[in-house]
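Asker: Model the full assembly from the supplied sequences, consistent with the hints where possible.
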Amino acid sequence: MNLEIFTRQLQLLQLLTGNTELTVRQICEQLDISVRTFHRYVAMFRAAGFEVNLDSNIYSILHTSPFYTNVSDKMQLRSSEVSVMVGMLNRADPRDPSVAALRRKFTSIYGVDFSEEAMQTNQHIIQNTTQIERAIRQRHVMLLHDYESPHRQTLSDRLVEPFRILSSTGSVRCYEPSTDTCKTFKIARIRGEAEVLPDHWKHMQQHKNYYVDPFGFSGEQRHRVALRLSLLASQILCEEFGVSEAQLLIDPDNQHRLFYTYVCSDIGIGRFVMGLLGEVEVVSGPSLKQYIQEQIKQYAGQEN
0 MNLEIFTRQL
10 QLLQLLTGNT
20 ELTVRQICEQ
30 LDISVRTFHR
40 YVAMFRAAGF
50 EVNLDSNIYS
60 ILHTSPFYTN
70 VSDKMQLRSS
80 EVSVMVGMLN
90 RADPRDPSVA
100 ALRRKFTSIY
110 GVDFSEEAMQ
120 TNQHIIQNTT
130 QIERAIRQRH
140 VMLLHDYESP
150 HRQTLSDRLV
160 EPFRILSSTG
170 SVRCYEPSTD
180 TCKTFKIARI
190 RGEAEVLPDH
200 WKHMQQHKNY
210 YVDPFGFSGE
220 QRHRVALRLS
230 LLASQILCEE
240 FGVSEAQLLI
250 DPDNQHRLFY
260 TYVCSDIGIG
270 RFVMGLLGEV
280 EVVSGPSLKQ
290 YIQEQIKQYA
300 GQEN
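For the record, in the sequence shown the residue sitting at position 253 is 252 according to numbering that gives the first Met the number 0, with numbers rising by one throughout.
Just so you know, not all the hints are guaranteed correct.
Here are the computed lysine-lysine pairs in the DSSO-like style, where the Cα-Cα straight-line distance is at most 30 Å [stated by the list, open to error]:
id	residue 1	residue 2
1	Lys-201	Lys-185
2	Lys-182	Lys-201
3	Lys-182	Lys-207
Since the hints were derived computationally from the structure, they do not count as laboratory data. All figures in this text were calculated on a predicted structure; none of them were measured in a lab.
Answerer: The structure is reproduced here in structure tokens:
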């Protein structure tokens with residue numbers, strides 16, 4: 000296959016992933032392809048097993064596509080695997096740069112504390128996470144015994160339907176029937192046992208999607224932004240926020256990178272942009288531009 004054609008197909012696949020904004024014509028102009036070619040590629044994606052959605056002339060590839068779910072399952076460590084890795088890293092020499100780097104990654108992604116006094120607590124969290132994973136796979140209701148509320152400063156049992164683990168924040172997303180709302184529970188705040196009950200879910204229609212953006216902010220809603228980055232900014236984005244180079248498109252001038260993503264808040268990405276003024280251009284994202292302008296204006300006023 001021609002490398003240029005393959006590159007355009009990959010770029011289209013990336014643009015369609017979760018797309019909620021770009022029309023067919025806009026995508027074709029951005030990738031310099033014809034509408035006919037666009038539809039041919041879309042048909043090819045569908046034949047390959049991707050779930051392509053069409054809503055008001057906006058095409059998108061759903062995250063429920065087998066490709067993404069398979070990749071997620073293969074990349075995500077099970078709690079038992081995390082336990083093994085934590086044990087190995089805890090016994091390894093912390094002065095070794097590779098060991099230190101791996102510890103930082105496990106702390107960032109799984110919330111692991113490698114201090115000696117914390118290891119017993121870590122084991123409790125891992126055991127509860129294992130139970131939560133089982134409940135999600137089997138679609139069972141759970142009882143979170145002695146969950147610590149940070150606001151009420153109390154312990155209480157919480158009956159929930161867990162449906163998604165948020166590894167980046169060490170939390171689990173659940174539907175709570177008693178309040179008829181979806182909530183995020185910190186696994187570390189479950190002081191007792193996470194008990195799997197025999198009852199199955201009864202409120203799947205209430206399980207709302209929950210997102211965590213690359214900058215650490217989360218929520219049920221998100222919006223699309225696009226950045227044009229210098230090579231320095233793209234390097235920092237990859238190193239500090241876990242973005243892979245595969246998520247960046249090469250700008251036609253070959254001196255910049257284009258980054259398309261979804262964010263739950265303009266605060267996190269806004270900090271990144273303001274920390275690299277002159278290295279980052281906001282290509283699209285009206286609310287992000289407004290947020291940055293307001294922050295700069297407020298800062299300038301403080302200086303005066």
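Asker: All hints, please: hold or fail.
Answerer: Here is what the structure says about each hint:
| no. | hint | result |
| --- | --- | --- |
| 1 | Lys-201 x Lys-185 | holds, 23 Å |
| 2 | Lys-182 x Lys-201 | holds, 16 Å |
| 3 | Lys-182 x Lys-207 | holds, 10 Å |
In this structure, every one of the numbered hints holds.
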